[in-house]
Amino acid sequence: MRRNKLLAVLFTFAVVLFAFPFLPHGLVPDHRASPPSRVSEVQSATKKEALYKQQTVQRDMKATEFLSRSQVTRDVQSFLRGKSKDAVGRRLSHFLSTHPEILYVEWKNGNRQDTHGSVKPDLNRAAKPYLLKARSAAKKGVSYSSPTFSYNGKSYFVMSQRKPLPSADQSIIAIVSTEVIQAVERHQRRNMRLVPYPSEGRYRIESAIPGTGEETTVRSGEDNGNASHYSIDEIVVKFRAPLEEKQLLQLRKDLDLTVVRHTGKTYVFRSKKHQTEGLKQYFLNKWDPEFVEPHYLYLTNVRENDMDMDTSIIPNDTLYSEYQWNLPEIATETGWKVTKGSEDVIVAVLDTGVQADHPDLIGRLVEGTNIVDPSSPPDDDVGHGTHVAGIIAASVNNNEGVAGMTWLTKIMPVKVLDSSGAGSTYSVAEGIIWATNHGAQIINMSLGNYAEAEFLHDALKYAHERGVVLVAASGNDNTDRPGFPAAYAEVLAVSATDSDETRAEYSNYGDYIDVAAPGTSIPSTYPGSRYAALSGTSMASPHVAALASLVRAANPGLTNEEVMELLRRTAKDLGTSGQDAEYGFGQIDVRSALQSASGSNTSLQLYPQQVRRQLERLKVK
Numbered sequence: 031m032r033r034n035k036l037l038a039v040l041f042t043f044a045v046v047l048f049a050f051p052f053l054p055h056g057l058v059p060d061h062r063a064s065p066p067s068r069v070s071e072v073q074s075a076t077k078k079e080a081l082y083k084q085q086t087v088q089r090d091m092k093a094t095e096f097l098s099r100s101q102v103t104r105d106v107q108s109f110l111r112g113k114s115k116d117a118v119g120r121r122l123s124h125f126l127s128t129h130p131e132i133l134y135v136e137w138k139n140g141n142r143q144d145t146h147g148s149v150k151p152d153l154n155r156a157a158k159p160y161l162l163k164a165r166s167a168a169k170k171g172v173s174y175s176s177p178t179f180s181y182n183g184k185s186y187f188v189m190s191q192r193k194p195l196p197s198a199d200q201s202i203i204a205i206v207s208t209e210v211i212q213a214v215e216r217h218q219r220r221n222m223r224l225v226p227y228p229s230e231g232r233y234r235i236e237s238a239i240p241g242t243g244e245e246t247t248v249r250s251g252e253d254n255g256n257a258s259h260y261s262i263d264e265i266v267v268k269f270r271a272p273l274e275e276k277q278l279l280q281l282r283k284d285l286d287l288t289v290v291r292h293t294g295k296t297y298v299f300r301s302k303k304h305q306t307e308g309l310k311q312y313f314l315n316k317w318d319p320e321f322v323e324p325h326y327l328y329l330t331n332v333r334e335n336d337m338d339m340d341t342s343i344i345p346n347d348t349l350y351s352e353y354q355w356n357l358p359e360i361a362t363e364t365g366w367k368v369t370k371g372s373e374d375v376i377v378a379v380l381d382t383g384v385q386a387d388h389p390d391l392i393g394r395l396v397e398g399t400n401i402v403d404p405s406s407p408p409d410d411d412v413g414h415g416t417h418v419a420g421i422i423a424a425s426v427n428n429n430e431g432v433a434g435m436t437w438l439t440k441i442m443p444v445k446v447l448d449s450s451g452a453g454s455t456y457s458v459a460e461g462i463i464w465a466t467n468h469g470a471q472i473i474n475m476s477l478g479n480y481a482e483a484e485f486l487h488d489a490l491k492y493a494h495e496r497g498v499v500l501v502a503a504s505g506n507d508n509t510d511r512p513g514f515p516a517a518y519a520e521v522l523a524v525s526a527t528d529s530d531e532t533r534a535e536y537s538n539y540g541d542y543i544d545v546a547a548p549g550t551s552i553p554s555t556y557p558g559s560r561y562a563a564l565s566g567t568s569m570a571s572p573h574v575a576a577l578a579s580l581v582r583a584a585n586p587g588l589t590n591e592e593v594m595e596l597l598r599r600t601a602k603d604l605g606t607s608g609q610d611a612e613y614g615f616g617q618i619d620v621r622s623a624l625q626s627a628s629g630s631n632t633s634l635q636l637y638p639q640q641v642r643r644q645l646e647r648l649k650v651k
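In the numbering used here, the protein residues as written are 31 to 651.
Treat each hint with caution, since some may be false.
List time: in silico DSBU-like cross-link candidates among lysine-lysine, alpha-carbon distance up to 30 Å [unchecked claim]:
{"id": "1", "residue 1": "K77", "residue 2": "K113"}
{"id": "2", "residue 1": "K295", "residue 2": "K283"}
{"id": "3", "residue 1": "K163", "residue 2": "K184"}
{"id": "4", "residue 1": "K78", "residue 2": "K92"}
{"id": "5", "residue 1": "K283", "residue 2": "K138"}
{"id": "6", "residue 1": "K170", "residue 2": "K150"}
{"id": "7", "residue 1": "K150", "residue 2": "K169"}
{"id": "8", "residue 1": "K268", "residue 2": "K283"}
{"id": "9", "residue 1": "K78", "residue 2": "K113"}
{"id": "10", "residue 1": "K316", "residue 2": "K302"}
{"id": "11", "residue 1": "K370", "residue 2": "K316"}
{"id": "12", "residue 1": "K78", "residue 2": "K602"}
{"id": "13", "residue 1": "K150", "residue 2": "K184"}
{"id": "14", "residue 1": "K163", "residue 2": "K193"}
{"id": "15", "residue 1": "K295", "residue 2": "K268"}
{"id": "16", "residue 1": "K138", "residue 2": "K184"}
{"id": "17", "residue 1": "K113", "residue 2": "K184"}
{"id": "18", "residue 1": "K92", "residue 2": "K113"}
Listed next, with one range per pair, are the computed distances between beta-carbon atoms [unchecked claim]:
{"id": "19", "residue 1": "G294", "residue 2": "E215", "range": "17 to 27 Å"}
{"id": "20", "residue 1": "S607", "residue 2": "N182", "range": "53 to 63 Å"}
{"id": "21", "residue 1": "K158", "residue 2": "H124", "range": "22 to 32 Å"}
{"id": "22", "residue 1": "N154", "residue 2": "D541", "range": "19 to 29 Å"}
{"id": "23", "residue 1": "E373", "residue 2": "N346", "range": "16 to 26 Å"}
{"id": "24", "residue 1": "N429", "residue 2": "H124", "range": "13 to 23 Å"}
Keep in mind the hints are simulated off the structure, nothing from the lab.
Cβ coordinates follow ideal geometry from the N, Cα and C atoms, glycine included.
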C-alpha cells in the first residue's frame, strides 16, 4: 500500500503531448548491469541531451518574446493609424479588451490625453524607470521598447509608439505582459520531459517498461523515454458481445466496479477494491474476452497550373517573413501555385482543444467536440492544440500574425486531452471515431506514448477503413523505441527536423518513421489571441497533416493509402539514401507532392492504382 501511494501520479486521461525536443541519439535506459565505461558514456549522453533540451526551451522562449513584441508593436501602430469616428476612450477600451496582454495604456494627441487599464502599485513601481524613458521618447517623436523585466515571477516590457506621420503628435505608451514566455517555458519543460511527466495529481498511475508490463519508477525526465503509464485501478476489456444489464450488476457486486467509459463491446472499468493486474487475470479467466489491457496514458504530438512554378507566393502575414522558416523550407510557397487547399477538406486536430475566436483562426473551424467534458465546448486550456491548429490553418495573407500551410482547409477541434495536457487512450479512440463519423478526411495526433492499446488500434482501423489519412508525432525522447499511435501501420509516423535539415536531436526515430517535417522553433497561434514558438514532433506532425489536406484538395479522387504513399515518394531524401530510421523516406516537399497529385507526375506514381480502381468500378457496373 505504501508503495502504491508513492506511485500516485497524475492520470487525468493521459496522452502526453509529443510536442518538444528530447534526447541524443538512441539513448534508452538499460536496467541491466553495465560496465563502468558504458555507464560513463550513458551519463555523458544524458547530460548532453538535457543541455540540448534546455537550450531549445530557451530558444523557444526567446522566439516567443520576439513574436509577442512584434505583434503588439504592429497592433499599436494600426490603432494609431485608425480613422474610426468612435471616441478615443471607447476605442481604447475595445483595444484593451481584444489585447489582454496590454495591461495599461497612455494615449496622447497634442494636449489631449487619456489612460486606460490599471496595474498593481508594485508593478507600476517596477515599470516606472521604463515608463519615464517611454514618455521621454514619445515627446521626442521616437519609438521605444524596454528590456523585459520581472515582477512577482512574471515578465513585462514597456513600449511607446508614435503615429507614423510627420505632422502627427499622437502616441501610445503601454505596459505589456509577456506571461506567454513563462507559459511556453512550463509547457516545454514538461513536453521535452525535462521533468517527470505525468506529474502528481489525484489520479493514481503505475509506470511500466513498454512491452513487458514490468514495473518501473519514473524519477526524472530522462526516465520517461523508457516508460509507459497506466491507471492502477482501471482496466479496458473488449468482450465477445455487449454486456447485459444483469451481467454489469454482477460485476459491480463482485468487484466493486464502476463503468468509466463504454463503446460497443469495449468497457473501461474502475475498481475501489482491485488493481489492474488482479482485474486482468479475473477477466481472462472468467470471460474469454477479445482482449484485456491496462488503461494506458498518452502524453502530449484553387488550381493555378498555368502559372510559373519557379515563382513563389509570399504571404503578407506580419510575422511570416521574419520568423516562419518552416514553410519556405518545405517549398510551400511554390506549392501554393498548384492549390491553396479546399473548404471541403477537414482536418481533425485531436488535442487540448482550440481557441475558436483567435483572430488568425476565425472562420477556419467547423463543429468539434469535447471528449473530456462533453458538456463544454472544445476550448483550449493548455495551448498545444491552438498551436497545432495554426500550423495547419492560420489565415494566410490577412496582414495578421502567422500563415498556416493551407488557405482554405477547415479544422475540426476534438478535445481529447485535459488541462494537464494528458488524456486516456480511450478518450483518443473516442475522438478518432467521432471525427471519422463527422466528416474528417485527415486526423492529426500530436500525442502518444510507448504502450500499444488494442481499443485505440481498433479505432484507428475504423478510421483507416473509411478513408481517413491518419498522422501522428513520433515523440520527443530521442529513442528508437516505437511510439504509439505513430508506429501503427495505418498511421503516418512523423519525425522532426531542424532548419539545417538534420533530425532534431530530441526527435524519436526508428524503422517505423514514414516522413520528417520541420519541428524546431515553429511560430504559430497561441491562446489569448497570441503567438508562440514551440518545438517538437508535435509541431512536425501538423505540417504533414496539412500537406495531406492540400493533396486531397489537388486530387480528391486519391484514396488515403495513395495520399500516404504519395507523401512518402515525393519527400526530399535526407540522410542515408532511401528510407532510413531518422527521416523515413525524407522531409516532406509540398511542391513535389502537389505537382504529383495534380497530374503532372501522377501518371508515373499513381497510374497503376488509378487504373486498377477504374477497372474494379467497371466490373461492379
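Hints, one by one, checked against the model:
With a C-alpha separation of about 56 Å, the suggested pairing of K77 with K113 is violated against the 30 Å cut-off. For the proposed pair K295 and K283, the alpha carbon gap of about 20 Å is at most 30 Å, so the pair holds. Using a Cα cut-off of 30 Å, the hinted pair K163 and K184 holds, with the two alpha carbons roughly 21 Å apart. Among the hinted pairs, K78 with K92 is consistent with the structure: their alpha-carbon atoms are about 21 Å apart, no more than 30 Å.
Taken as a hint, the K283 and K138 pair is broken in the structure, with Cα atoms around 73 Å apart against an allowance of 30 Å. Only pairs whose Cα atoms come within 30 Å are accepted, and K170 paired with K150 is accepted, the gap being roughly 28 Å. Distance hint between K150 and K169 is fulfilled; the C-alpha atoms sit about 26 Å from each other, no more than 30 Å. Note on K268 and K283: the hinted pairing holds, with a Cα-Cα distance of about 20 Å set against a maximum of 30 Å.
Straight-line distance between C-alpha atoms of K78 and K113 comes to about 55 Å, which puts the hinted pair past the 30 Å bound. Taken as a hint, the K316 and K302 pair is honoured in the structure, with Cα atoms around 20 Å apart against an allowance of 30 Å. In summary, the hint linking K370 to K316 is not supported, as the alpha carbons are separated by about 56 Å, beyond the 30 Å threshold. Annotation: proposed proximity of K78 to K602 holds, straight-line Cα distance about 29 Å (limit 30 Å).
For the suggested pair K150 and K184, the alpha carbons sit about 13 Å apart, so the restraint of at most 30 Å is met. With a C-alpha separation of about 18 Å, the suggested pair K163 and K193 falls inside the 30 Å cut-off, and the hint holds. Restraint check for K295 and K268: the C-alpha separation of about 5 Å stays at or below 30 Å, so the hint holds. The suggested pairing of K138 with K184 holds, with an alpha-carbon distance near 28 Å, which does not exceed 30 Å.
Simply put, K113 and K184 have alpha-carbon atoms about 35 Å apart, too far for the 30 Å limit, and the pair is violated. Distance hint between K92 and K113 is unfulfilled; the C-alpha atoms sit about 34 Å from each other, more than 30 Å. One distance hint, 17 to 27 Å for the beta-carbon pair G294 and E215, is violated here, with the actual separation near 42 Å. At about 55 Å, the beta-carbon gap between S607 and N182 stays in the expected band of 53 to 63 Å.
Take K158 and H124: their Cβ atoms lie about 27 Å apart, and the range 22 to 32 Å holds. Distance hint for N154 and D541: a CB-CB separation of about 59 Å, inconsistent with the stated range 19 to 29 Å. Between E373 and N346, the C-beta spacing of about 21 Å keeps the proposed range 16 to 26 Å intact. Evaluation of the 13 to 23 Å hint for N429 and H124 yields a pass: the beta carbon distance comes to about 19 Å.
When held up to the earlier numbered hints, the structure conflicts with 1, 5, 9, 11, 17, 18, 19 and 22 and fits the remainder.
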